[in-house]
Amino acid sequence: MTNLTMVKAINAGLRKAMERDPKVLLFGEDIGRLGGVFRVTDGLQKDFGEHRVLDAPLAESGIVGTAVGLAMRGYRPVLEIQFDGFVYPGFDQIVSQVAKFHRRMDGAVAMPITIRIPYGGGIGAVEHHSESPEAYFAHTAGLRVLTPSDPQSAYLTIQQAITCNDPVIYFEPKRRYWDKGEVDESQSALDLGAVADPWRARIVKAGSDVTVACYGPMVRTCLEAAAVATDISLEVVDLQALAPIDYETLVASVQRTSRLVVVHEAALSGGVGAEIAARIGEKCFYELEAPVTRVAGFDVPYPASRIEEHFLPDLNRVLDAAERVMGY
Amino acid sequence: MADERVSAVQLLTPEGQRVAHPEYDINLTDAELRGLYRDMVLVRRIDTEATALQRQGELGLWAPCLGQEAAQVGSARAMAPNDFAFPTFREHGVTWCRGVAALDMLAILRGISNGGWDPSLHRCGPYSIVIGAQVLHGVGYAMGVQFDGAEDVAVTYFGDGAMAQGDVNEAFVFAASFSAPVVFFCQNNQWAISQPSDRQGNIQLYERANGFGFPGVQVDGNDVLAVLAVTKVALERARSGNGPTLIEAYTYRMGAHTTSDDPTRYRLAGELETWRLRDPIERLKAYLARQGIADRSYFDQIEQEGEKLAEQIRDGVRAMVPPKPESMFDDVYSEPHARIDEQRAEMLEYLASFEDAGG
Ligand SMILES: Cc1ncc(C[n+]2csc(CCOP(=O)(O)OP(=O)(O)O)c2C)c(N)n1
Ligand SMILES: [Mg+2]
Numbered sequence: 017m018t019n020l021t022m023v024k025a026i027n028a029g030l031r032k033a034m035e036r037d038p039k040v041l042l043f044g045e046d047i048g049r050l051g052g053v054f055r056v057t058d059g060l061q062k063d064f065g066e067h068r069v070l071d072a073p074l075a076e077s078g079i080v081g082t083a084v085g086l087a088m089r090g091y092r093p094v095l096e097i098q099f100d101g102f103v104y105p106g107f108d109q110i111v112s113q114v115a116k117f118h119r120r121m122d123g124a125v126a127m128p129i130t131i132r133i134p135y136g137g138g139i140g141a142v143e144h145h146s147e148s149p150e151a152y153f154a155h156t157a158g159l160r161v162l163t164p165s166d167p168q169s170a171y172l173t174i175q176q177a178i179t180c181n182d183p184v185i186y187f188e189p190k191r192r193y194w195d196k197g198e199v200d201e202s203q204s205a206l207d208l209g210a211v212a213d214p215w216r217a218r219i220v221k222a223g224s225d226v227t228v229a230c231y232g233p234m235v236r237t238c239l240e241a242a243a244v245a246t247d248i249s250l251e252v253v254d255l256q257a258l259a260p261i262d263y264e265t266l267v268a269s270v271q272r273t274s275r276l277v278v279v280h281e282a283a284l285s286g287g288v289g290a291e292i293a294a295r296i297g298e299k300c301f302y303e304l305e306a307p308v309t310r311v312a313g314f315d316v317p318y319p320a321s322r323i324e325e326h327f328l329p330d331l332n333r334v335l336d337a338a339e340r341v342m343g344y
Numbered sequence: 557m558a559d560e561r562v563s564a565v566q567l568l569t570p571e572g573q574r575v576a577h578p579e580y581d582i583n584l585t586d587a588e589l590r591g592l593y594r595d596m597v598l599v600r601r602i603d604t605e606a607t608a609l610q611r612q613g614e615l616g617l618w619a620p621c622l623g624q625e626a627a628q629v630g631s632a633r634a635m636a637p638n639d640f641a642f643p644t645f646r647e648h649g650v651t652w653c654r655g656v657a658a659l660d661m662l663a664i665l666r667g668i669s670n671g672g673w674d675p676s677l678h679r680c681g682p683y684s685i686v687i688g689a690q691v692l693h694g695v696g697y698a699m700g701v702q703f704d705g706a707e708d709v710a711v712t713y714f715g716d717g718a719m720a721q722g723d724v725n726e727a728f729v730f731a732a733s734f735s736a737p738v739v740f741f742c743q744n745n746q747w748a749i750s751q752p753s754d755r756q757g758n759i760q761l762y763e764r765a766n767g768f769g770f771p772g773v774q775v776d777g778n779d780v781l782a783v784l785a786v787t788k789v790a791l792e793r794a795r796s797g798n799g800p801t802l803i804e805a806y807t808y809r810m811g812a813h814t815t816s817d818d819p820t821r822y823r824l825a826g827e828l829e830t831w832r833l834r835d836p837i838e839r840l841k842a843y844l845a846r847q848g849i850a851d852r853s854y855f856d857q858i859e860q861e862g863e864k865l866a867e868q869i870r871d872g873v874r875a876m877v878p879p880k881p882e883s884m885f886d887d888v889y890s891e892p893h894a895r896i897d898e899q900r901a902e903m904l905e906y907l908a909s910f911e912d913a914g915g
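Residue numbers (the working numbering), protein chains in the order written: chain A, 17 to 344; chain B, 557 to 915.
Derived by calculation from the structure, the hints in this document are not laboratory data. Any given hint could be a false lead.
Listed next, with one range per pair, are the computed distances between beta-carbon atoms [stated by the list, open to error]:
no.	chain 1	residue 1	chain 2	residue 2	range
1	B	Gly613	A	Ile219	53 to 63 Å
2	A	Ser112	B	Ala636	40 to 50 Å
3	B	His577	A	Asp63	44 to 54 Å
4	B	Gly767	A	Pro317	32 to 42 Å
5	B	Arg852	A	Asp63	47 to 57 Å
6	B	Ala901	A	Asp182	37 to 47 Å
7	B	Asp818	A	Pro38	25 to 35 Å
8	B	Glu588	A	Met88	57 to 67 Å
9	B	Gly769	A	Glu201	48 to 58 Å
10	B	Glu859	A	Thr18	49 to 59 Å
11	B	Pro752	A	Asp37	24 to 34 Å
12	B	Ala875	A	Asp182	31 to 41 Å
13	A	Ser112	B	Glu863	48 to 58 Å
14	B	Ser676	A	Ser112	49 to 59 Å
Think of the CB as a built atom: it goes at the ideal place given N, C-alpha and C, for glycine as much as any other residue.
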């Protein structure tokens, strides 16, 4: 076990994936000598060479579009989008090409592309650097969406995303980049199989009154809320996969607690929480004691950083929602 | 400069010698020359003060324009009052020349606003953060000017890195296709964060204009006179209905990409030393002094003006308070919107619940 930040854990996971498969390529802006603006790829160009860790010209559509061709040529590209707000120039290539290629070719062509996107707010950044666009991608058939919440899950799931033969949008919660945690680097994600299935939600804290479904940056927030909630017992479920969502785990939890709060930073309307609320409504109609309640960002463009704390769900808003569902 | 980029138009050598160019020339009054010097010194003072304020935690971030003052001031001072600038986040010299107050430039970086000023007031768009986006906006604006039968010109600013971006290349196509009155002003400051400018292509940037069907010209971006002269010609060309020009201002980003960046990870210190000898302010100062257009007392006076400005910025920034939380619901739409009203009310109720608890 080593104590690593999430940045270092993803770096270690990338290294493992590159060692295992010579077809794994890293491609993105400033990822070579600089090691990425967050240093996630630090040292990898030095160790694997410029033909495996490539600094791309400044063009996201170019990065994603050429990755499609690289995949057709047998490579396994791992792309870095510098910030959430800069994925949109590449959005067309992602939703129209990456997502559909396999289906269109009747399965003859795989798109084993991983697109890493640092996302979310809470770091006091300027506009376009704090967005949570996961719902667009979770909504798009053909894409898988993963998001880690701590160093260990990041270390494992980045490897699993890369070995997956489907395209994976891999959202990295940037405000948790510097959180430290124990990582077992002796583990190879591939050998773990079902023990660490990235497509399964994880119950990160067991509880009995309210299920709190969350992911990425909000997992720590919800765990903190659970720790201070004295009279309500919160069960915190880290969804980890947003497409497809593991309803088996979630439904089983809600059947035990009868109450569900979904928490995400992304704007409320049309968000991942809306989909979950609908599905749980269908599947747990008889067990639910309260309406599924969402705690989310507001339906506004991400605000200026000095007031972002009022946009982002925090411990108090999670507790407030938990109290409300207990009130039914 | 001659060693690297022989084609760059130059009217003032790094030593401050006035030289002739076969195609470009400029005649300025002494007052205008002093004005350019003043602009550059004050812009640099704003820039260094903002960098310092970021270090003190008063600003979230700052993207310095250090070293690019001549490119920005020279091009912006070439513009007519009704022309319209479309800057990026590094164009503090451009916004300064368009009359944007220094504190308004800092509001975004202070984290209290995403805009900072009314574009129509200064005929200057907001700082564009998404690389390349504003270049298309500039072309569209210019198309509108053309449809109106007016004589204004749009000047779009972007970097060497942006030359790779799809939006910028599409902007070139649209401008050529409509023969839009637009000037593409690319500051090749050699770096796009850690990536050297040759990562964006393997010919000189200005040469790309040919392929799109309009002229490209390279200018010594640290020579304010040459930049002014070249931009004036491009503006006149656009104004008289002859379409776009790409100007590549060959310059150097003397500072970090932003205050979050550490350039020692990717570039050699020697490079900076080379460019220090080409400092845009020093060369104009040398020229002004040699020609007797300005003397020590003038230079001192401008320096004092800079200090005063810096003091105003320091005080002003510290006095800038965050907007009310519920202001995030303002201006999301221009028409009434039930969902927004509902969420604003929810937020206010929630915030009030703390006051009740506290009081
Ligand atoms: C679409 C988009 N992708 C990535 C970024 C991140 N980014 C900000 S500045 C920059 C480099 C820009 O280089 P250049 O165009 O040369 O301008 P300079 O910073 O040198 O002024 C990058 C990659 C961005 N802002 N927008
Ligand atoms: Mg540049």
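Structure-inconsistent hints, enumerated in ascending order
The structure breaks hints 1, 12 and 14; every other hint is satisfied.
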